[in-house]
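Trainee: Those protein sequences? They're chains R and S, same order as listed.
FYI, in my numbering the residues of the first sequence are 7 to 314.
FYI, in my numbering the residues of the second sequence are 993 to 1342.
If you are wondering where the hints come from, they were derived from the structure by calculation, not from laboratory data.
We put the CB at the ideal spot given by N, CA and C, even for glycine.
Errors might be hidden in some of the hints.
[Said to hold, decoys possible] Cut-off 25 Å, straight-line C-alpha distance, at most; resulting in silico cross-link-like pairs (DSS-like, lysine-lysine):
1. K239(R) x K1270(S)
2. K201(R) x K239(R)
3. K224(R) x K201(R)
4. K239(R) x K1229(S)
5. K1229(S) x K60(R)
6. K1229(S) x K1332(S)
7. K1255(S) x K1332(S)
8. K239(R) x K224(R)
9. K239(R) x K120(R)
[Unchecked claim] Now the stretches of chain S that chain R is said to cover, found in silico as 3 or more residues with beta-carbon under 8 Å:
10. 1130-1144
11. 1267-1279
12. 1303-1313
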Amino acid sequence: MNGIMETITARPLVPALAASAVVAGALLDWRLGLLLVLWLLPWGVNTVLAASGKRAAYLAVPVVFGVTLLVLWQVAVRLYGVNQVILPAPTDIWWALLEAPAILWADFVQTVVKGAISGYVIGAALAIGTAIAVDRSQFLQRGLLPVGNFIAALPIVGTAPILVMWFGFGWQSKAAVVVVMVFFPILVNAVAGLKATEAMQRDLMHTYAASYWQGLFKLRLPAALPFIFNGLKVCTTLALIGAIVAEFFGSPIVGMGFRIKTSFGTLELAMVWAEIAVAAVAGSGLYGLVALAERRLTFWHPSQQRKR
Amino acid sequence: MSDLTQSAPRSGLSLGLREAARGALPVAVVVGVLLAVWLAAVAPMNFRLALDQATRGGADVMPATPQEQGETGLIRLMLDNPGVLSAAYRFERPRLPRPQDVLIEMRDNTVGLARGCEWTGWGEGRESWTGLSDGCMRVLTNRRSLIFHAWQTLAPTLVGFAIGTGLGILLAIGIVHNRTMDLGVMPWAIASQTIPILAIAPMVIVVLNAVGVQGLLPKSLISSYLSFFPVVVGMVKGLRSPGAMELDLMRTYSASGLQVFAKLRLPASLPYLFTSLKIGIAAALVGTIVAELPTGARFGLGARLLTGSYYGQTVQIWAALFTAAISAALLVWIIGFVEKRTLSRMGLVR
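One chain only, chain R, in its complex shape (with noise of 0.2 Å):
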């Protein structure tokens, strides 16, 4: 209590000002004035709990955020009767998502777990595979790093018209595109990777008189790995985008891209609206599986350590 009272007595023209705004906003149009005190309420919490520098805030002011967004959306809707087809509120999609389970079940097993992780999975493996393959020659290396980095800055979702005409409609032309999408920055990353020890480092491994291979699993390809993850870490929006995108061109009757083109045909936008809810968690599931992933296995990494 007594912090709330330092910071309000500290800078008061803060506070004045907001309840002014809330003042203005309410003579304007009485429904402004309840967003106001809904957005300026929760920031004065935040503003508080920030200034209060204890641990959980680091936590609790997301979360303030985050809610005070999502109550903001929806009273919104609900008090200026918002078209659905324009925007539906929360609750409308939170329904959505608990009516059909069962669908947005498969299409997250379709586009997601056959379409965005197998492709992943393979183009990971072809860049890495790569990466080590053209290691050892200094040439073919200062021959792929600018044709990589090129690539990867291309609009190559472009190519899912082309390589659903090669594949087919089903989930084997979603991964290919996966695949294309995933490999260069992989690549790139992989590739700068193997070259990020020193000489000492190496000279050591010359020392112990290690193989070629032991030198790599031993040495080149951990201290790779931060490289390698930076890369897997980005590709995992790109691997779901590529999926869903690529369903735009033509799938099988199930699938989160055929559900969002169809469900916006008929206007069930809450659908649309559930099925981009999943694609969100989905997204953030992956990039913190990688995270996880990252964590365990490069614990070594200074950018690991300041974390803790």
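With chain R fixed as given, assemble chain S onto it according to the hints.
Mentor: Chain S alone, transformed into the frame defined by chain R:
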């Protein structure tokens, strides 16, 4: 590779050339190998189609009926019917066109569209504001022109990129100077990058069209969203990059908050900003192209991809893809160029 050419000593032109060649040769070899693989893949990719055509045309092919052909392996078929190989390379609507076919398509749909180029002057009797004849302007204005479609995609990309970058920089400044924003917004800014929001870009366009927002703006909204977060994250990192020493120095000068920002934080953040800008503009272009995909957009590279896919015009798809690639490379190159000039003038060459 540019680093290599730059580090070439200035003494002696031949040495510099050799250095440049050292950098260019591996790239040329890799590109050459890729092209060779492409060219070699054309035959197996198109062979069954070509064989089918040859069978129906009454040519003498090895397993005579399509049924038997379907049961025979591809390599066996290719070995038994070497005569069809050349047909596979000249196939009308191939599954995989030859590289040169794509180049020809690109030429036909750019400079090949010109119908008589004349200088009409800017005065009386001019045909367009450039002073060139209308036949010449077809290269830019014809509905088949890839330059026309590329511009339809690039214009919203650039507008969106400008909006996204501006907002991103503003938010980053807020995050650095306000602890509440730092703790509250930053985790969401990072988390939002793991969400495949691009996948719903087409829907956003249609919704915006339905409520009356049309033209450039809906597409720019997508690209601004996509370029927004890389800029926020990079800029926050950059604005925080000055160390305790430098901040202390500013204090000994008794610099105000605004001065610390303008003279220390902002200049220090530029290298980070440029890196994010390169990521942001590539993402913005991808965003616009995807946004054009299933929305029935008539113009733009995404629309070219989609119509090509509907009508089985593979060469058109490849040409649109290459134009997109060239556009992306051009945009990234421009930012890289500005980066190099700016940083070297600031004495911050990396």
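Trainee: Each of the hints needs a verdict: does it hold here or not?
Mentor: Hint check:
no. : hint                : in the structure
1   : K239(R) x K1270(S)  : 19 Å, holds
2   : K201(R) x K239(R)   : 20 Å, holds
3   : K224(R) x K201(R)   : 14 Å, holds
4   : K239(R) x K1229(S)  : 18 Å, holds
5   : K1229(S) x K60(R)   : 23 Å, holds
6   : K1229(S) x K1332(S) : 20 Å, holds
7   : K1255(S) x K1332(S) : 20 Å, holds
8   : K239(R) x K224(R)   : 23 Å, holds
9   : K239(R) x K120(R)   : 19 Å, holds
10  : 1130-1144           : violated (count 0)
11  : 1267-1279           : holds (count 4)
12  : 1303-1313           : holds (count 6)
In terms of the numbered hints stated before, the structure departs from hint 10 and from no other.
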